[in-house]
Structures are given as C-alpha cells and as structure tokens.
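Enquirer: Residue numbers (this note's numbering), protein chains in the order written: chain A, 1 to 321; chain B, 1 to 321; chain C, 1 to 321; chain D, 1 to 321; chain E, 1 to 321; chain F, 1 to 321.
Quick caveat, the hints were computed from the structure, so don't treat them as lab data. From a predicted model like this one, the values you see are computed outputs, not experimental measurements. A hint or two may mislead.
Identical chains share a label here; the pair holds if one copy fits it or two copies do between them.
[To be verified] Computed list of lysine-lysine pairs in BS3-like fashion (alpha-carbon distance at most 27 Å, straight line):
(1) Lys-33 x Lys-5
(2) Lys-50 x Lys-33
(3) Lys-5 x Lys-151
(4) Lys-25 x Lys-5
(5) Lys-139 x Lys-90
(6) Lys-50 x Lys-143
(7) Lys-84 x Lys-20
Protein chains: 6
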Amino acid sequence: MKAIKSFVDGEEVTGYYLLKLAEVKQTNATPPKAYFDLILADSSGEISAKLWDISSTDRETFFSMMLVKVHGVVQLYRDRLQLKIARIRKVTPEDDCSIKDFIRTAPVEAETLVAAIAGAASSIQDKELRSIVDFCIAKAGDKLLDYPAAKGMHHAYYGGLAYHTSRMLEIGEFIAGQRPFLNADLLKAGIILHDIAKTEELTAELGVVKEYSLTGRLLGHISIAASWITEAAITLGLNTGAENVVALQHLVLSHHNLGEWGSPVQPQLPEAVALHHIDQLDAKLQAVEDALFSMNDTDEWSAPVRVLENKPIYRMRNIGS
Amino acid sequence: MKAIKSFVDGEEVTGYYLLKLAEVKQTNATPPKAYFDLILADSSGEISAKLWDISSTDRETFFSMMLVKVHGVVQLYRDRLQLKIARIRKVTPEDDCSIKDFIRTAPVEAETLVAAIAGAASSIQDKELRSIVDFCIAKAGDKLLDYPAAKGMHHAYYGGLAYHTSRMLEIGEFIAGQRPFLNADLLKAGIILHDIAKTEELTAELGVVKEYSLTGRLLGHISIAASWITEAAITLGLNTGAENVVALQHLVLSHHNLGEWGSPVQPQLPEAVALHHIDQLDAKLQAVEDALFSMNDTDEWSAPVRVLENKPIYRMRNIGS
Amino acid sequence: MKAIKSFVDGEEVTGYYLLKLAEVKQTNATPPKAYFDLILADSSGEISAKLWDISSTDRETFFSMMLVKVHGVVQLYRDRLQLKIARIRKVTPEDDCSIKDFIRTAPVEAETLVAAIAGAASSIQDKELRSIVDFCIAKAGDKLLDYPAAKGMHHAYYGGLAYHTSRMLEIGEFIAGQRPFLNADLLKAGIILHDIAKTEELTAELGVVKEYSLTGRLLGHISIAASWITEAAITLGLNTGAENVVALQHLVLSHHNLGEWGSPVQPQLPEAVALHHIDQLDAKLQAVEDALFSMNDTDEWSAPVRVLENKPIYRMRNIGS
Amino acid sequence: MKAIKSFVDGEEVTGYYLLKLAEVKQTNATPPKAYFDLILADSSGEISAKLWDISSTDRETFFSMMLVKVHGVVQLYRDRLQLKIARIRKVTPEDDCSIKDFIRTAPVEAETLVAAIAGAASSIQDKELRSIVDFCIAKAGDKLLDYPAAKGMHHAYYGGLAYHTSRMLEIGEFIAGQRPFLNADLLKAGIILHDIAKTEELTAELGVVKEYSLTGRLLGHISIAASWITEAAITLGLNTGAENVVALQHLVLSHHNLGEWGSPVQPQLPEAVALHHIDQLDAKLQAVEDALFSMNDTDEWSAPVRVLENKPIYRMRNIGS
Amino acid sequence: MKAIKSFVDGEEVTGYYLLKLAEVKQTNATPPKAYFDLILADSSGEISAKLWDISSTDRETFFSMMLVKVHGVVQLYRDRLQLKIARIRKVTPEDDCSIKDFIRTAPVEAETLVAAIAGAASSIQDKELRSIVDFCIAKAGDKLLDYPAAKGMHHAYYGGLAYHTSRMLEIGEFIAGQRPFLNADLLKAGIILHDIAKTEELTAELGVVKEYSLTGRLLGHISIAASWITEAAITLGLNTGAENVVALQHLVLSHHNLGEWGSPVQPQLPEAVALHHIDQLDAKLQAVEDALFSMNDTDEWSAPVRVLENKPIYRMRNIGS
Amino acid sequence: MKAIKSFVDGEEVTGYYLLKLAEVKQTNATPPKAYFDLILADSSGEISAKLWDISSTDRETFFSMMLVKVHGVVQLYRDRLQLKIARIRKVTPEDDCSIKDFIRTAPVEAETLVAAIAGAASSIQDKELRSIVDFCIAKAGDKLLDYPAAKGMHHAYYGGLAYHTSRMLEIGEFIAGQRPFLNADLLKAGIILHDIAKTEELTAELGVVKEYSLTGRLLGHISIAASWITEAAITLGLNTGAENVVALQHLVLSHHNLGEWGSPVQPQLPEAVALHHIDQLDAKLQAVEDALFSMNDTDEWSAPVRVLENKPIYRMRNIGS
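Looking at chain A on its own, in the form it has when it is part of the complex (with noise of 0.2 Å):
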C-alpha cells in the first residue's frame, strides 16, 4: 500500500487510510450539491480528498476518526495534491487494520516515554514535592500516554506531551550537571508538571485535539495545573503556603515567561528561568522537526511555522557531507 507522502499526481491510488476529518460541503452549483471534504491520513502524512456526489446513507456511513479502504486519483489542484475518491468504504474486522498504525506517533513508544517520567518523578529526593507530583500524574492517568502537546504548534501528535516532557527532562539533567546551583528536585517535578493539565484543558483522541474544553477556555492549563498542586497539597495533607508548594506553583505559572504569553507572574527563581528556556529549546526545535516532516521530497522551504515568527524553514542539501 502507498505511502501518502509518496504519491504522486496522476496516479491510481487504493489502500486503508484514516478519515482524520470528514465534513458535508455544498458546491457553489445552481443547485448546490453535496459532497465530502476529507482529510486522509497514514503515519507519513495528510492529504486532501474529496467526495462528490454523496448519498444521504453516506453522510450516515463516514465520520472523523474512522479507518476506511478508498480507490481514487491523486490531481493537482491548486498547487497541492488532492485525491479524488472513486469508491470508499469502512473498514471491517476482517480487514485487520489497527488505527495507531495510520497516526502520527512520538518516534518513541508512549510506555517508555511515561515510563521515563514515572522513573524521573521517584527519583525526586524531597518528599513532598515527589508526592505532589505523583498526584499530579495519577490525575492526568492515561491520558498521558496518548495526549499531543498541544493543538497545532508542536509535539500534535499521538504521545506528543509525554514526549515533550521526557526530552526536557533528558536536556533538565544536563543543564542541572552544568549549573550546580539548580535544585535539580524542583527542575524536575516543573518539567513533569508544567504542561500535564492539558490532559483537562484540551479534549483529544489518539493524540488530536478536537476542542477545548470549557475549563480549558476558561481557566487554561497554567491555571489548571496550579490549581491540582493546591488540590494535591490539601488532599495530601500538606501546607500549601510551605515554600517548596509555593515554588512549584511559581515554576509552572511562570513558565511562559511573560504575561501576554499567558504567565500571570515572570520566572524569579533560577529553576524557573531554566525550566521556560528548556521548553522554549524543545518545543522550537519539534516545530523545526514538524515543518520538515510536512514537507514534501521535492520542497525546499516548509510552510511558515507560526511558533518561528510565521517564518518557513529551508532545507539544506550539501553541507557537510
């Protein structure tokens, strides 16, 4: 079966793919008709495709999320490539697909990577601040296995926040040897929590936001996770107004730096300062490794990535070699 990345205009396509998105559209005909604007997708990438003509047991038959077997012809259209459906149907037991096989997953098993955290979070020394975050991950429970880091701007894809948080713990343990004055505790138990409460703000499957959620809108994940640190503090027994609570709430409300980037206090402590630096490497960095996997063989330049000041990247061919 054909990659999508490698098709190519022209051909005669038939494989299971992903209906990632699929919506009822009516064309601009006098009368309109109705047809589908889907999204297809497999592990290498997305592509386009329509379906005209459509019968109202199709609109009852085909939805987002769903595996489904299609024949078609990849075209041109409007510079990019489109595949127009001839035949479709879901797939069925007996066709033996699994739906993980055709998403976008982090380049390491989800199990590893919140095997890794889990390993991270008991090996914090100070005791409080190891019980908090054990809370912490026994709330966010499977969803950390499969969440992306975020909707669209990096790590969006299956295990995305597991695997965002697992690098930056591997980078926090280097920085923490390089800077001894770190207290690579409070490093620690930040990164784990900085990000989790998008497991309440984001409503995703296999590892696609389809919303917000209304606490998400109306609290956001800094807020959230702040708010399950006193949560955990108070159901632990603990004193929520004891420094090291204190200090982990500042790491993760500060984490975004600035107020308009949503930080309702700036880092004041250096494991903060570390902590917004080592997310800001990791997540610019993914949405470089993003851009050039949505990219085609032939590109040159990536679309503009709205995290690198809308810019695109270019892809280098000859250097070093």
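Start from chain A and add chains B, C, D, E and F according to the hints.
Expert: For chains B, C, D, E and F alone, coordinates are given in the frame of chain A:
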C-alpha cells in the same frame, strides 16, 4: 494642633504626629554625619522632616509607625515644604493619642464596610458560591478590616480594600439592574473575591503596605485567590470542576483583562466583562480622588498619576457654580 | 409569521422580511450566472438568502433596505442556515407592513431616549455649557432618533446612539453621587456630546450604517465634535478659550483615553477619567448583550467579539437558580 | 568678552551673560545654606554656575531671563564645566547690552522668516484656503516672530517656529516640483498651519518655552489648530464642511501620522503624506544640528538625542576633504 | 487598440497585451474543469481575465510574461472589471510588438536614470568612497537598468530602483544645500548603495519581482549590501576598519531606522539620519503615486495602501483651480 | 587578607585590592573639595570606597585597573557597605601580587576554554566552514582568552566570552544528539562565531569592558561578524554566495531572533533556531548565576536582573535536603 496640610513656610509648629517612616542617613559632609530622614503624617497628609546630629540613643528610640511629639520650623526645600525638627520625643500614655487618629482611612468606618461585604455575601442565592465566598472572607479574617487595596496605585490606606470592594458592590448592583442578563450572584461573588488575596500577597500595617510577601511575589494575588477557591471547594466537599466554581475562578483570573496586566485568561463570561470594567471605573476614580487629596490648596495640577497614563490631574475652580 | 431566529433546517417559510442587503453576484459556473446574494432581517435577527437565476427585471426590482414577501426553504450551508428563495415580491400598501417592525431597535422608544437626553441637557446648571449642549443636540437633529452608536462594534441598531447616551447618563448620575468631587454638569455635557458627531461621521439609514462620510474619514467623530463646540461657542458669542469650553472639548477629545485608540490628548480632568470608563463599561456590556442576542438557542459560545479582545462569550445555564 | 563655548577649566572670566535660569537651592550642610544654582547663557551656548552664600538681597535681585555682569572661575565638576561666581551685578543701561544678543536665534532674521511665510501664504491660489491661512497668521500675531518650534526636541530657540516653517516651505516647493500630483496650495497651507497653534499651546519668552498653557495641556496644538480653522471659516463666512476646509483640517490633524504620536486620524490625502514626511525630515535634521551645536570642540559624540531613538550623534572629522 | 484603463463594462475588445500572470486553476464544478486565470497588462494598467475550458495544448502554449493577442468581452464581476476571453493566440514576429511597450516603466528612461546615478557617483570627492560605489554599481550591472525597487510596496516597475535612487539623489542634493553640516559625499554614496543589493535579494524580470533569492531570504538586502562594501574594500585594497568605510556601512545598515523595520543599528551619523528620512519621503510619495495610478477615473478612493498605515488615498477634484 | 564579600560593618581592614574604578569627584561643601570615589575589587566581589581630602599628588598616583594596598574602616552608607580609606599606596614588586588574582574570572582556565573551542573548530567536517571558523578565531586572537561576553548583562568577566562559547558547544553537542536533523558542523560554526566580533565591538581590559569601539557602535557585533565571514571567504578564495557560507552568515545574523533585539533577519534554518535558543538558555542561566554571585550571604533576593524581565531572583534554602 495644626494639620500638616495647612503648614506654611517659615512657621513654628508643635504637635503630635505619626512617624510614618524613620531612616538613618548620612550627610555628604567630610566625614559624613548621621541624621534622621523622616516622614511625619497625620490624617490630612504627610511632610518630610529632618532631625540633624542624632545620637546613638536617638537611633534606638525612634522607629517607623510610632507616635511622636515634635517641635520644629517649616522650611521650603527644593520647592517642597519640610520640617526641621528642633525637639522630638516619644508619645507617652499621658498624651492620650491613638494611632488611628493619625492615619488616612477610608471615608466610611471599616466595620461598616466589612458588614456591607458580609451582607452582600449572605444575599448570594447560589448556595455553593455563597459558601465559597464565606470561606474566603473567613480566611482573610481581620485583614479585611484594615488592608489597603494596593501598595501605592489607589486606595492605599486603612480599610482601602474593604472600601474598594464595597463601592464596587454598589456599582455592580446598579449595573445588574440595567443589564438583566448578568447573573447577580456570580458578579457579587467575583467582586468580593477579586482582590481578597491581597491580604496574603501583601504585608501591611495600619493600612500601609510594608512589602510583598514571598508567596505574593512568586504567585501574585490573582493566582492565590484562584487557589483559595480550590481550597474552599475541596474543604467544603464541592466539585472543583463544577460550572459555578470554574466560573468564579474565571472571574478572578480574568479581572485584569489582558495578559500584560497579569490575567492568564481573558474575560469570556458576561460577568467577567462587567467585573473588569467596574473595577477599572472605581480604581481609576479613586486614583483621581487620591491625587486631589494629595494636592495643596494652592496647586492647580496634581503630581503625575501612574495609573492614569502618568498624567497629572487639573482641578478646575469656576465651573457650574 | 415565523421569526427568523426560530427557523429550522428543512422547513418551508412564507412571510414578510426586510431585504437588508441585496447584492448581485455571479456563480463560478461556466459561463457564470447572475444571482442575488441577500440578507433578510426581522427584529429577531438575520439570515443569508439566495435567489438563483435572476432576470434583468429582478435586478431592477430589488434593492437593499426594502420590504419583501418571500417563500422559500431553510437549508444548512457550511454550518449556517440560509434561505433558498422560491418566490419573492415587493411589499405593497395592501400588505400593511411598516419597516420599523423589521429592524432591531433599542429596547426603549427612540423618542423616550431623546427626551431623556434633552432632559439631562436642560438640567445642566452652567448656562454656557447648557447652551453649547443644546446647540449640538439641535445640530444633530433627527439623526439622534435613529442613528446607531457604531458601524458594528456595539449598539449597531436603530436608536443605538441615543440608547448608549441615555444609559451612560444614568451611570454618570449614579457615579457622581458616589464621588462628590465630580462636576455633574461637565460630566453630563461630556456624555451627551462624546459620540454625537457620529451623526456627521457616518451615513446611516434606519439605524444601519451605510458608510463613513468623507468628513468622517478625514476628520473622525472626535475632532468633528470638538469643531462643533468651537462653532457653538462662536455662534453663541462665548469665549472659545474659557475654562468650561476648553474643559468640555477636553472631555470629548480624550474620551478614547489613548492615542492609539484615537484620542489626541489623554484625560486630565476628573470628569474626563469618569467619562472614559463609563463609556467603556456601557459599550463593552452592550457588546456582550449584542453577542448574546446573535446566538441561537442551542449555542453555548457566541462568535468572537472584536471589542472584547476578540474572545467569544460563553452563556451559562445553571447558576444561581 | 569670552564666548561661553570657549571657556576652559581653571580660567577666570569677566563678562555680560544672560541669566537664563535662577533657582535658590540649599546645600546639604548642617544646617543647609541657601545658594543660587544658575544657568548663564550667551549665543554660543550655556554653562551651569553657582553663587554661594547668598543674602536675602541677592534673592530679591536676581531672576531668570535677566542680563548680568559676572566675574568668576571656570571649574570642572563631575565631568562638566561650571562657573564659580565671585561677583555678580545686574546690567544697567550704561552697559549698553541687548538681551537679543545673548540668546540663540534662528540663523536667519525672524523678520525675514515671517516675510517668507507671508509671501508663501499670499501665493496660494485658492482664495478660501488663502484667507484661512491669513486669518491664522494674524491670530498668531507677533508670536510667530519669536516662538520656538518646541519645548526641547528641536528648533528650541528664538524664531525656531518660523525657521522650521520656512525651511519646510522650501522643501515643499521642491517636492511639489518633483511630484505634479501634489496640490501646491494645500501643501503650502498645511505647512504654514501645522505647528502654528504652538503659539497658543506654549508660553514662551524670547524663544524659550516656560511652560504649557492650560489650553495647550488639555487640547494640544493639533486640536487647537483645527479649532482655529473652524473659527476662521465661520468668521470668514465659509462652509466648514467644504472639501478644501476639511482637507486643510485633515492635514493639520494627521501630520503626526499615528495615533500614538498624537494624530487622531492618519494621512489619507497625498498632501498629508507629504506634509508628515517633510516635517519629519526637517525636524530630525534640525535635531542633529542642535546636537552638533551643543557639542564642545573636543567631543566626538553628542549627548543622546531623544527624538533620534535616544541615540547620540557621532561627528566625523576626516571624510571627503 | 484600447488601453486597459479605459475598458468599460460590456464592450468587446481586441488587442495585444502582456500576459503578466498565467495560472491554471480548476472550477468548483463537479467534476472540476481546468481554466486559465490570467492577468493581462499594458502600460496603462492591468485587468483580470479568464479563459474557460482550456485544452492541454493551451496549457503548453501560454505562460507568464509573454505577449498575446486576445479578443473578448469586458464584464463586471464582484465590483471589478474582468475580461472573458473568446480568442487568444501568441504574438508572432509579424505582429511587430515589443514587450517593453506593455509594461509599466519609470517615467524617465532607464538609461538616463543610470547615467544620472553614475554621474552622481563620479562627483564623489572622497576617492575611497567613490571607488567603493563604482565597484558596487559594476557588481549590480545591468540589473540596475530594469529592477524594481520592491516586490509590491512602491516603485514596483521597470527601472523603479534606478528611479527611486535618482530622485533621492536630487532630494539629497537639495537638503545638503540647506544643511552644510551634511557630508555630501557620504550622503550620495549612501543613497546609491542603500537599496542596490535588491538586485541580489530579488529575482526580477522586466521590472516584475518573481521571488526572493535564497541569499535574499537568508541575509536580506541590507546585510548583502554591507557585505558588498566589505568585498569592495578588500578587493580594492582598502582598510575595512577605516572611518569612511565604516561610515558608509553604517548608512546602509541603519537606513531602515529601527530594528523592527530591519536595521540592526540605528542612525548615529548626520547623513544616516538624512538618508532614512529622504528614503521615507520618496518611498511614501511614490506609494501615493502608485495608488493614484491604479485608480480608475471614477474612483474617489484608492485601495488601502499597506505602507501608508494601510489607509486608502482620497483624490480631490476641486481645490485650487 | 579578608575577602571583600565577607566584610562587615564597623571592622577595620588592611589588604591588597584591585582599584577597579578611580574617579575624582567633588563634595557638595562650600567650597567643594576633591575626593576619590573608588571601586575596590577582589575575586570575591566589589565594594565602593572613598578617599577624602586628596592632594594633587594623589590625583596623579591612582588610576583605574591598578593594584593598591589599603587600610580603612567598613561603614554602612545608605544600606550598602563602603570602605572609608585611611591609608592607600600603590603595590610594588616586593608585594608580589598578580592582578589576575583580583578579578573575577570564568570558573575554568581561559587556556582550557580556548583549547576546547579550537578543538570543536577542528572537528568540523565541512572544510570550507572549518577554514572560515579558523580564520575568525585567528582574527580574534588573544582577545578570545580574556574578553567578557558582554558589558554587563551576563558573563561580564575575564574569559566570559570563551566560557559562554564553550558551554554552548557542550549544549549544542547534546542537542544535536537528540535531534539528528541538525547539521552539527553548521551549529558548531555558528556557536563559535555568534559573539566572536564582540572582540571588535568592545574595548575591554582584564575582562572588564571599558567602552564600545567606534566600529562597534556604528555596526554592532552581529554585522561585524558577518563582515568577517565575507572577509574570510574572499581571503580563502571561497565563493561568498555558496550555500554553506550564506548559511553561516544567516546563523550569525539571526541569532538575536527578532529585529527589535538586533537581528536583521529571523531564523530560517533549523540550526539557526537551535543557536538562538541555546544562546538564550546559557545566557539567562549565567545571568542567574551572576545575580546569585553578587548576593551577600544574608540576602534572600538579588537585585533586579535586567535581562530577566528586570526581576530579582529569590534564593531558596530548604528544598530537597
């Protein structure tokens, strides 16, 4: 006894005053000599004062926030009046002075203000909101009686926080009458709690802020108040994710409107929009009132007011009479 | 006759509606065909409508801001309802329809609002201020009855300007009661005149802004109103440099507070500070009201509101009852 | 008599100078003693000066903006030269000094400048524009001869406003020659009126701004000039809404280009765009000239110049000769 | 043959035009059909055009920047005129058309402009500056004849760069006459080189920018020009650290004035201040001229102009005549 | 000999110190008297010191950056310790003091750091990049040993530039291990060259910046480094337009990320994104380390740190132990 606001250049004065600030400084002479750089206050205003050639006994006798009896001469120094002190002594019980007569206070009795706030709280129909508000009022405790509303921006006097809250409740009631789509319960709760954590953010004495607390600097009053609500909900056995709890947290978190002004989320409930603008209206008019209060009788223009785009206020004399 | 707000997908409707906007467009077919892209309105709301395959007679028959009788089918198109028109005709005198029944109007009668404004003007004690205000009210003339307060931001309906002005007078009176240092005359005069030159800046019909006038684009309503005050003073034989005249111009010029919001000077009179924040409070709450008004019964979130930091408003259901 | 700009450390000087600023200050000694902190000026520059141990007679003898004869010693104090005065007396008629010889003036005679402006005004073909410009020139009166163009930014000297206006007229004529689509009449009128209301905004004496007037602070010179045009039109019986009157007001209102720089509307006429950039070019180059003028012969860098992004200017020596 | 600017709705036209842009698009019909979306141009302006139902032969025949003969009908589509093409063919030698007759060019012959620039270069007295300028002119080569000054902002036509440079030299000469402290050599050199590296930053054909070059995107014309000066100095055996070389690089680097506009340093030489404001004056007035050029005879307002704060320009009719 | 950091109020001290700054000032007495306002330093920190009643011999004896032996008394002056000097003399060879023992230096030997940088340079595989980097290291010469990385922001000590570069190379190697798409050669080259032109931008002695050079002020270290690369390419016979040369210039030019921070272009290569964020991470954590270094043992909060949003850093005591 002469009120400080009516001092004139060249006159001798004798009276009781509050030693609002007492700092030992040294002259630029060779060698430098120690002197006291003081601020004397009564309920009408403040004046800078100097006590030259101080002894080590003096240094152990006079401290900030004590009452003193002084005799001295008013002099013009760099366009401002100051008092050159000739004699100074501590007040004794025989002098029969109460410190509360010497500080600026809200124009309404603190007890009356707190009673008004408690009354508003008890009129909240939503039982859960009411219990959260009561929990937070109890947590603030006696500080609600005397805390100022800010370090220097507006309402920076004894009872300022209660006065600001109480006035906003009046405006809120009026506006809720004009706009029936506003939920009066939620608006009341938001007004009462929006600045209540200033009692934890600041360290104040007799309505004068001494400094920010460690928790205040690392978390800020907005996030502290959100944490109080979480604590109240858990302690009271309420669901922290219930719509009314989340809505109340949203009002508190968004009441500064923009990220650069300290709010991690922006108003998205009708009552949150109302709360922000009622807060602005009352705080800015109080800043005008404070600026007028600080002017001498002969001034036409106040000093620049930081929260009013750093503009001074002009006092007209002849309109409308 | 069915109100537009209660239309549901698939039903046939017949009724009288206001043709709020009538544009001839062309399909993307080859060759393109002309059709009418319409907006129908009644006092409950608006709906997009299409009339396909139009004749040259149709093009000379139907225009914006006329009443029509239509028969058609409600359809869902790109997530929004629209009406596919089967039959349409102009309203005749026999239909006994009045256009004012089909437009959104202020919730209070325009005549009542204008009377309230005139009453407030006549209560101004300062004879010169009063005569300037009366001059400007007379200059605005009948437009005060029907003009909206803005093109789209807030109060964009029949009588919106008078309604906004009238409500601000109520708030102003309440606040002047709380803050005796405010000069009630000057505040009233400022409220009445602050937006009055929108009647020269905008060209509106039945409360709907059609465009900005040339003078409106080149000078803006703030400078036009300042010019009206100069004209009033000269015509009435007053001194343009007198303190009350200058103060009133200051209120008008500074009521947007900042240069980037259109004010060439910043508020430096107590009443100017009050005017700006009363204007904000009323305009922003009206923007919330307008957003709620535009929501369908099943919506939880409104569309993003530009003047509310481009945030949508959430409508809660279950609090406090 | 020695020019101030050529004073050197350690020398004794005797001569006539303008007492540009005379302030009584007090030393930090115990007790403090009164002294005069002075600024002496001649047409070559300024120098700080001290007169120690002053008597009450001295305090009643010496005031700002009078001519004095002084004898003293030049000393280096904190990297800057100042004059320690040994003897000082008021100038008498016998000394035969004219104050105008001691102030910085435009490099062209004020009368010549005003004549050039009047000449440009009389060359305006559009009769209505010409009469408005003449009205405003008459209203400014003699202040046009001596007013500076600003308090401190640029052209802050005797005749500075006329000089700035006159140079801009020269540039405007050159540019109108390059760009025939510019209406030369309107551009001339805009140049003459753009800053003319500084004569009402500022209170100046001999080219030195003493303060902003009340009207200046509350309205600003841009709105005052717009008001003058309205007054001119009404007085001359012209239509205030005529296109040429509105266009001229537009030029004045928009000449600071952006709201945050004080313009309530942005340039939308070709001549308004030209006016803004001609004003910028002349004002910024004058700021450079002023910075160079204030440098001593040995300085390589000027002080930072606020209107030039707060950057200092470097004076090269060896290029091109 | 009819000029594009004088086309009117409904008429049939036949003539030779430049095919400025030729894109194959697809209709929204089901199934979509290919058509040509074209821009036709002559020296008077441009018009959008459609060629429906194209064959594969058509797709291989027509490309951007070729001359064609067309016959078609002018139609109004969405408020703008466009041409529906009935017949189209390539121009043959027999048609005797030159592409240069069909493009917008500077109002002065390109050869004349380049000669004026070379003349200004040869008048530079400082031998080192002159040789650097000559080096850079030679490096730009023939591109100086035809390059536009920008992609779309201003002077976006054949010879636009030379025209902009040449006009700025005229203004620079005039201003240097007004301000003797300006070093005329340095100012001339700065004007000639300030935008010269656009010939490396952009890829243009016949005055139309096709895209940014890789070097242009990664370095920008400001840094490329600074690099050219370094290259010139090394090649010519000059000291790269000499004051005149550094000064010239400073002028080029600082000519956008602020960091957010692309200048890594801010103007600190008198000539750098002059260069920036002369550039602004000429570029902004050219943007006005371009906006007026693009208007039809009946338009009162131009389209919004991005470099003029996104404001449209109003064309007056009746002043001064 | 007592370390400066451990001085306490009131004690007498005798010892060798570096005279880091020596300025002659004058008292405010009448008449003023000359005294020395000094900064004494050792490797533990700095202290302000005064030498009163100085002679003309003193003025010719003591200068900045010399070693002295002093005897004096530590006093508290305006909340800070300073040393009142009783006796002072120059150090003689017999004292056997080396200035390098008295300055703050990088925690690693300068020679080791420079060797590490040279080692990284020699590991670059791309021959052209390697030769350019070697050329620039040679051009910087011995300054690479002792230059600080900035005037005051961070790494402002002996060897600071080499230390910052060396640490960034370590982080870069770690990150390149995490992200295989990064070109390790280009990243290394960019790290080594990103700040190397500070050796031309600044004038420093023993790790202390004295001032910006003329070239530094007019061009800035970013453009100077780009010019060095051009010079290297030409001198080494490389093509200045080759992709690797352009890429390396891009890294240097874009490493401040935004125009307002001094970068004329924004990062558009993966390695440019990495370089900026590695630079940020190291510089900001060094700023934290510098702030902690400057605190006395009893301080809880550091002074505000300009590059950390002007926030102070809090030093916790009790976490994690």
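Enquirer: State the violated hints by number, sorted upward, taking the hints as numbered earlier in the document.
Expert: 5 and 6
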